[in-house]
Amino acid sequence: MTRGEIVIEEQLCKGCGLCAKFCARGCIAPPKDKLSPQGYLLPIFANPEKCNACGVCGWMCPDFAITVYKYIEIEEAAAT
Amino acid sequence: MTRGEIVIEEQLCKGCGLCAKFCARGCIAPPKDKLSPQGYLLPIFANPEKCNACGVCGWMCPDFAITVYKYIEIEEAAAT
Amino acid sequence: MRAEDVVKQVVCAPPKLKLPGPHHHCPGCHYGIILRLLCEVIEELGIEGQAIGITGGGCSARWVAYLDVDMAGGIHGPGVAIATAIKRIYPETIVFTIQGDGELGAIGLGSFMAALLRGEKLTTIYLNNACYGTTGGQMAPTTLLGMRTTTTPQGRDPRTTGFPFHGAELAASMRGTAYSGRVSVHTPANRQRAKKALRAAFQRQIEGVGYTLVEFLSPCPPNWQLSPSDCLTFIEEKMIAEYPLGEFKNVAQIDY
Amino acid sequence: MRAEDVVKQVVCAPPKLKLPGPHHHCPGCHYGIILRLLCEVIEELGIEGQAIGITGGGCSARWVAYLDVDMAGGIHGPGVAIATAIKRIYPETIVFTIQGDGELGAIGLGSFMAALLRGEKLTTIYLNNACYGTTGGQMAPTTLLGMRTTTTPQGRDPRTTGFPFHGAELAASMRGTAYSGRVSVHTPANRQRAKKALRAAFQRQIEGVGYTLVEFLSPCPPNWQLSPSDCLTFIEEKMIAEYPLGEFKNVAQIDY
Amino acid sequence: MTGEKILCEGNEAVGRGAIYAGCKYFFGYPITPQNEIAEFMARELPQIGGVYVQPEGEGAVAYMLFGGALTGQRVMTATSSPGFSLMQEAISHLAAVEAPAVIVEVMRLGPGAGTGGQQGQTDYRQVTKGGGHGAYRCLVIAPYSAQEIFDFVQLAFYLADKYRIVVIVLTDFILGRVAELIELRRLDFEPLPQKDWALKGKAQKEGRRSCHLSGLVWGGVTGYFSRQLDKYQEIVASETRYQTYKTEGAQLLLVAYGSMARVARDAVDRAQAQGMKVGLLRPITLWPFPKRAIREAGLAAGKVLVVEDSPGELVEDVEVAVGGQVPVHLLNILARHIPGPSGLIYPERVLQEVKALI
Amino acid sequence: MTGEKILCEGNEAVGRGAIYAGCKYFFGYPITPQNEIAEFMARELPQIGGVYVQPEGEGAVAYMLFGGALTGQRVMTATSSPGFSLMQEAISHLAAVEAPAVIVEVMRLGPGAGTGGQQGQTDYRQVTKGGGHGAYRCLVIAPYSAQEIFDFVQLAFYLADKYRIVVIVLTDFILGRVAELIELRRLDFEPLPQKDWALKGKAQKEGRRSCHLSGLVWGGVTGYFSRQLDKYQEIVASETRYQTYKTEGAQLLLVAYGSMARVARDAVDRAQAQGMKVGLLRPITLWPFPKRAIREAGLAAGKVLVVEDSPGELVEDVEVAVGGQVPVHLLNILARHIPGPSGLIYPERVLQEVKALI
Amino acid sequence: MSQFQVAVAGVGGQGALLFGRLLAEAGRSRYEHVSYFPHYATIMRGGQSECTVIISHQEISSPITFELQAVIIMHPQFVEQYQNRVQPGGRLFLDSSVVPHKITREDIEVFYIPATKSAIELGDDRVANLVLLGAYLEATKAVPLELVEKALEGRLRGGRGEALLPLNKEALRQGARLITNYGGWKDDQRRNSY
Amino acid sequence: MSQFQVAVAGVGGQGALLFGRLLAEAGRSRYEHVSYFPHYATIMRGGQSECTVIISHQEISSPITFELQAVIIMHPQFVEQYQNRVQPGGRLFLDSSVVPHKITREDIEVFYIPATKSAIELGDDRVANLVLLGAYLEATKAVPLELVEKALEGRLRGGRGEALLPLNKEALRQGARLITNYGGWKDDQRRNSY
Ligand SMILES: Cc1ncc(C[n+]2csc(CCOP(=O)(O)OP(=O)(O)O)c2C)c(N)n1
Ligand SMILES: Cc1ncc(C[n+]2csc(CCOP(=O)(O)OP(=O)(O)O)c2C)c(N)n1
Ligand code: SF4
Ligand code: SF4
Ligand code: SF4
Ligand code: SF4
Ligand code: SF4
Ligand code: SF4
Ligand SMILES: [Mg+2]
Ligand SMILES: [Mg+2]
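Protein sequence lines, in the order shown, are assigned to chains A, B, C, D, E, F, G and H.
Okay, so the first sequence: first residue is 298 according to this note's numbering, each after it adds one.
Okay, so the second sequence: first residue is 298 according to this note's numbering, each after it adds one.
Okay, so the third sequence: first residue is 769 according to this note's numbering, each after it adds one.
Okay, so the fourth sequence: first residue is 769 according to this note's numbering, each after it adds one.
Okay, so the fifth sequence: first residue is 171 according to this note's numbering, each after it adds one.
Okay, so the sixth sequence: first residue is 171 according to this note's numbering, each after it adds one.
Okay, so the seventh sequence: first residue is -11 according to this note's numbering, each after it adds one.
Okay, so the eighth sequence: first residue is -11 according to this note's numbering, each after it adds one.
Simulated from the structure, these hints should not be mistaken for laboratory data.
Watch out, some of these pointers could steer you wrong.
DSSO-like, lysine-lysine: derived pairs with alpha carbons at most 30 Å apart [stated by the list, open to error]:
id	chain 1	residue 1	chain 2	residue 2
1	D	Lys786	B	Lys329
2	A	Lys318	C	Lys786
3	B	Lys329	H	Lys129
4	C	Lys784	E	Lys375
5	F	Lys375	D	Lys784
6	F	Lys473	E	Lys461
7	C	Lys964	A	Lys331
8	B	Lys367	D	Lys784
9	E	Lys375	E	Lys416
10	A	Lys318	C	Lys964
11	H	Lys157	B	Lys331
12	E	Lys473	E	Lys416
13	C	Lys776	A	Lys318
14	F	Lys175	G	Lys157
15	D	Lys1006	B	Lys367
16	A	Lys347	C	Lys776
17	C	Lys1017	D	Lys1017
18	D	Lys776	B	Lys329
19	E	Lys473	F	Lys401
20	B	Lys367	D	Lys1017
21	D	Lys786	F	Lys375
22	E	Lys365	C	Lys784
23	H	Lys138	E	Lys175
Now the stretches of chain D that chain B is said to cover, found in silico as 3 or more residues with beta-carbon under 8 Å [to be verified]:
id	region
24	773 to 780
25	868 to 881
26	910 to 921
27	1014 to 1022
The beta carbon of each residue, even a glycine, is placed where N, CA and C say it ideally should be.
Kindly generate the complete structure, drawing on both the sequences and the hints.
This is the structure we're talking about:
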């Protein structure tokens, strides 16, 4: 079940691949052939369904390119 | 018995008194009222008879002002 | 779970103190991760209004444009001297320097040692990438023995260039130092430890104890001529072997 | 014993390598005693033809005119850098620096540390008189805590000026160092130990082992405002308490 | 406002002037012949809540000045020739971020260690033309008495803040040591704008951030340089200072600054007493240089004699000023009467030259 | 002697020239845009029994140069603007003991960190006039092609030894980076006297001792300075170098040095192609400055245009040279075409100015 | 022609400088005078990186010049400033995989080369510069492509890059082919690119 | 007189500078203008130490001048150079305990003052400078001796030197007495001296 989502800001990403390397759940495919507007190869959020929104990829991205969202059911959200 | 002798080069002595301080046999009187050509007060080789030519005053003189001589009887000298 | 029942909560986003826009670091350089830690720690400690940062001449020079606090820099070497003046004039501010290993271990070594001797109440973020990154990867005092650089084309030989410089241990050995530790951000777990260390260092400055320093190991992919991923292995296997991680000093009071 | 039966044998006279004429040191300054040791050791080791000495800017600057070997100097701070170049160009020479504590512990601190890191094969004669002698006794990095100087009129306070600099211990802590010790010449016995230390240091340079340093405690009567004799007590009681005498390192080989 | 008169040596007058100008932060390192300045500050500043820091050398001193200047507080250092050379990189950085600061340079003689702290005026070119890299300018003021030192240090702080520039107060061994009676008085200047660029933490500035990069990366190259050129032009127009002494009808114009202007003035007195028509023009600012005034006075006199305790540096600027229109003679360091620690140029020697020329 | 031709960038030509001159000892520290020099030396010197040492900063580099120079061996360093500023004290000490050494300054732009290693000619005043304390002089040579860099580095070593002086070879970002074909050739110079003053241990000198105190304490103040003045006079008389290009009949004289002389030369070509009578005088030595040649050529042309990549420093010397006799115009750094890392002055812009003036 | 001038502009890592250096090295066997001016700041990683190459039978007065016969643009940030540097009648080459722009100047010849795309297809995006160089050579005939291959060999032989030689040569040839079969600017090409 | 100028020359430690400073301080209550120029090098311990004092009713153009009304020589090394600095008709004072010379100039007045000897007799050789100052004041009447005593008090009061005040004052008065009873150069005086 999809628990979260990441958004990669393509303008910022430099294709280092660290996000892919550090996602323990294998959600992110390393940069391969998609080019960013800056000319870098982009990683791809390939397996969103595995993401548990742990935040690691975002914290480890050296370029502040990733925002991680956690999906919270409305009742849950209201409770917190 | 006089065993040695020191000569203080008055041009070099600055009257610090270290020679007097470090002569364990009290041969040297600290600088008091004799002026050197440079205007320093000079120590005095006051008790030559006590000197055993140990060399300490010379080694400790910061101004290279002291030469220490040891008296050696001629036979002795010939032997060495 | 239907889409409309779900709220998206932001778990991780650019920190508040990071000014918008890209930075100029190379792909896979950890300086960006360290910059992030710095933003987070300043924010969490609530010292944004008191913080003043001084950068050096290395690749972190331009952090003046990335971090939303008072900043100055771009000078190779004398960061701690500049910082000292500021802290002495405004003792209530929190003053930190960001300095490379070429800087802290070479041209700024005298200033660094002198500040350590004086026990200045500063925080130094010391970036050890085993080379002069900015200028193209020349040998730094931290270059590992045997490592090839543009000025040690045969590999660094201790007989002619001496031994690696251990900044954190040196700082820890000084009486006026309140905190000194070496960290790395090359894995998520290390990143968390690094953040703790950075926070502890700033905390000691806030308490007014003494000099504080955190040494960060960091890769330099273009100059190491390794991919970002191979850099992680290099840090793990080679850098840490020479530069062990850990907290070398953390005291609540200097014995005057 | 009649006069004519007696020969006068010279037990102690100015050493051969001391150039004739007076020197400019103050009455009771031990620099003259140390200069004498240096002459004696160079002579005894038979290295007069290979020796090259570099003086700093302090009161020992003019030893260039007192010591009968190749010499240069008069520059405040970079003695080890100058010496390094000479030794690297002529590895077969024996190169030594003579540097004050204001010099080695302050303006020359960076060069000193860097030479230690590189393990340059030099001998440093480091003169610690706890002040800037030449310029009138200002606080040096070595000034004792509480000591009054012209720039610490209330006595040195570690909270604003930090802690005394321990050169010999620092040198001993570095991998490239072959010899490091601290001595004093304030008594005849200490003088003999000092000479031994100095000889050992030069010996290690001759063997090509690594950096060698001998720190000499020395008084500065006019700036300490004590008589030559009171200076001896001050060294014995105060200086040695902060700066213990001893041999801190002496190795036949550096582990490369 | 008239104040107490005290017998005060030039170096002490530096410290007193600085404190009168509101400077509470001084960074110093021992070097003869300015030690008395640092020692005075080390003694006085802690008593008024100020700070004296003595770092590991003059390079570090200058960087402390850099950091201090950026806090917006009035900061100063003093040094002498070799120490001043070590500050050149930092001064260039100060120029790059346009930080205001005052440096007192008490010249000593010659290159290298020179005479180890004796009289000389051999830093003229370094101070007025060059020093560090980057084609920047420092404003240079050359007082010639203890009173002027006291006053001009205050002026220096004002000008530094007004133009966001480094101001150098240039004295020498003689001026630093000579004790004279000075009146302790606070000079009044025009009000200055707030230093809204100062580093003090955002909390002190309603959350506004200050940022200074010593570089032209973002500000733009031409923007930076045209701003500097404008500033320099304004300084040349508004801040060029000099003094004339008995130049009315002079047939020989002496040009000298600082201590040598005192010596030259004495020679003028003696010459006039002997009926010779001789005057003195004394540049007070060395940059901006009173080029036009010298040209006019030089042409009027028809003959110029430069007196400087140097092989000849000021003389180059004087030659440029008169543009080859009248002969420029030089009485330089070779005119020293040598016995004494390193010799001095005395009024008698200047008078002798005057007689030879008139 | 003609040698192999290689494609060689200016920075590499420095290293090659030095090795051809017999320099085996180099002290270096990284700084853009001269890194290639240090890297070349670090690679090459160990192979010829030489030594590359990289100490803790440029100050230390310069002191190593000082120590190295005193050994009597040929020694060199290279740096760029901020690093050069850090060397000023040491250069002054070199001057004090009259030690010969070669320093290559690859200028970068502006004060402080400037543009972090980009094009600029903003160290003219520092290099030619000031720098360190003590009124000393350095000989300054400004090549304008890779071949000249290679040749002039050899010349620099010769002149340094001949006059016991520091020789600065001044290039910049453009000249350091531009690769051109150079002929590898060893230049022949007059034989030089033995360096009997060198430090190498008494055993190497039949027991003779050498002694160098950076100070005027014993040598005597006037003795030192009159010796320097004589030396400088001889250098001015014998070593002033410049080149003229198409100045015959020119109605406008361009004056520029180094990289800007290349740009100006291109503009001259274009202008001549369009029938305009424009020539170029290029100072090769910046000190001694070809004052008379510029005066003569300038007066002949009636109009001068200085092209320099600086707010305006060379222009001051040119103004002095022509002494107000003809108008001196300036095309300065504000004429840069700005897009690009920090902008450049292109031949087209110079041509435009030429057209406006002619 | 007696002289070729070309400027190449990219960001750090794209290989603009290698393009120029190879051209200069190849040029020296056919021309008496060569100048190569790489303009980049080591201090600015990922920053602008450009070079100017002149190969000529006459002496080269200035190694820099504003207007050139040919300009190569490898990154969108340079389009604005570099398109003006082409002489009327000159040529402009763009890496259309990363540069989306359509040039409106009518007085020059523009080549939209999908260099990065070709490079990725060849197996490594980093040879886009060689694709462009191949194209430039084919279009201008400044020097024979073989001379550039020789220069490449000189650089790579014996080093760790030796294995890359075939790929590099293929990139050059692919560039030349793109000119041979050149069909002008295609809208879809651009949209593919990122 | 409207102006007094005096130079004092000794070696470090002899107190030449204190002589000058005290005179300048005392002078300021009687004269509108005072200048005191100590010339010594901290770098040269035991080196030359001289000062020039001018006290004047007119503005002082130069604080240094070659010829002076009075010169005090405290050490033999200065005899050569300093005797020439006395104006014709001026006065030269020597510490004859350490300076053995007999001055041959006829156009000046010379005082041979056994200052160091007197000082040793008073109990401390270091007050020789004050003996000379007392002599100078008595001979020239530049300022009353009492003003110098006041200046001395100002310096020593409260410090560790306070106990030395009586000795210092006695030295001044002894100097003055030596002038009052001055009998000219005596050969035996010199031979006693060292
Ligand atoms: C005085 C001076 N010397 C040299 C330089 C050139 N320079 C700029 S940054 C730098 C060092 C970079 O190394 P480091 O401090 O390790 O930082 P990094 O780039 O590796 O982060 C150097 C040598 C300079 N700017 N100023
Ligand atoms: C660059 C520079 N700064 C300052 C000085 C002034 N100076 C000369 S020697 C010296 C220091 C003396 O102290 P130290 O090294 O301890 O030697 P000491 O005189 O005590 O033997 C100083 C500060 C100088 N000559 N050069
Ligand atoms: S870690 Fe960041 S910069 Fe690196 S590939 Fe992932 S998103 Fe891009
Ligand atoms: S948030 Fe965690 S699980 Fe999701 S992609 Fe990032 S690292 Fe993987
Ligand atoms: S030689 Fe020895 S015993 Fe004789 S005086 Fe000297 S210290 Fe005393
Ligand atoms: S130790 Fe030497 S200088 Fe000191 S008093 Fe004795 S002889 Fe004189
Ligand atoms: S050069 Fe090295 S340190 Fe600098 S940004 Fe690139 S990877 Fe980071
Ligand atoms: S000042 Fe001090 S160190 Fe210098 S000579 Fe005098 S006593 Fe010795
Ligand atoms: Mg680094
Ligand atoms: Mg000392």
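Lysine 786 of chain D paired with lysine 375 of chain F [C-alpha distance capped at 30 Å] = Holds: lysine 786 of chain D and lysine 375 of chain F sit about 19 Å apart, inside 30 Å.
message = Against the 30 Å threshold, does the CA-CA distance of lysine 318 of chain A and lysine 786 of chain C hold or violate the hint?
response = Within the cut-off at roughly 24 Å; holds.
query = Is the Cα-Cα distance between lysine 157 of chain H and lysine 331 of chain B 30 Å or less?
reply = holds, 24 Å
ask   = Does the structure keep lysine 1017 of chain C and lysine 1017 of chain D at a Cα separation of 30 Å or less?
value = holds, 25 Å
inquiry  = Checking one constraint from the list: CA of lysine 347 of chain A to CA of lysine 776 of chain C, max 30 Å. Satisfied?
reply    = holds, 16 Å
ask   = Taking only the CA atoms, is the gap from lysine 473 of chain F to lysine 461 of chain E under or equal to 30 Å?
value = Given that 30 Å is the threshold and the Cα spacing comes to 23 Å, the pair holds.
inquiry  = Check the hint pairing lysine 367 of chain B with lysine 784 of chain D against an upper bound of 30 Å on the C-alpha distance.
reply    = Given pair lysine 367 of chain B, lysine 784 of chain D holds - Cα atoms ~19 Å apart, limit 30 Å.
ask   = Holds or violated: are the alpha carbons of lysine 784 of chain C and lysine 375 of chain E at most 30 Å from each other?
value = holds, 19 Å
message = Between the alpha carbons of lysine 473 of chain E and lysine 401 of chain F, is the straight-line distance 30 Å or under?
response = The given pair, whose Cα atoms are some 28 Å apart, holds under the 30 Å limit.
task = Examine the region 1014 to 1022 of chain D for residues whose CB is less than 8 Å from any CB of chain B, and state whether their number is three or more.
result = violated (count 0)
query = Does lysine 1006 of chain D pair with lysine 367 of chain B here, judged by a C-alpha cut-off of 30 Å?
reply = violated, 37 Å
inquiry  = Hint check: lysine 329 of chain B vs lysine 129 of chain H, CA-CA at most 30 Å. Holds or violated?
reply    = violated, 34 Å
Violated hints for the displayed structure, listed by number in ascending order: 3, 7, 9, 15, 20, 25, 26, 27.
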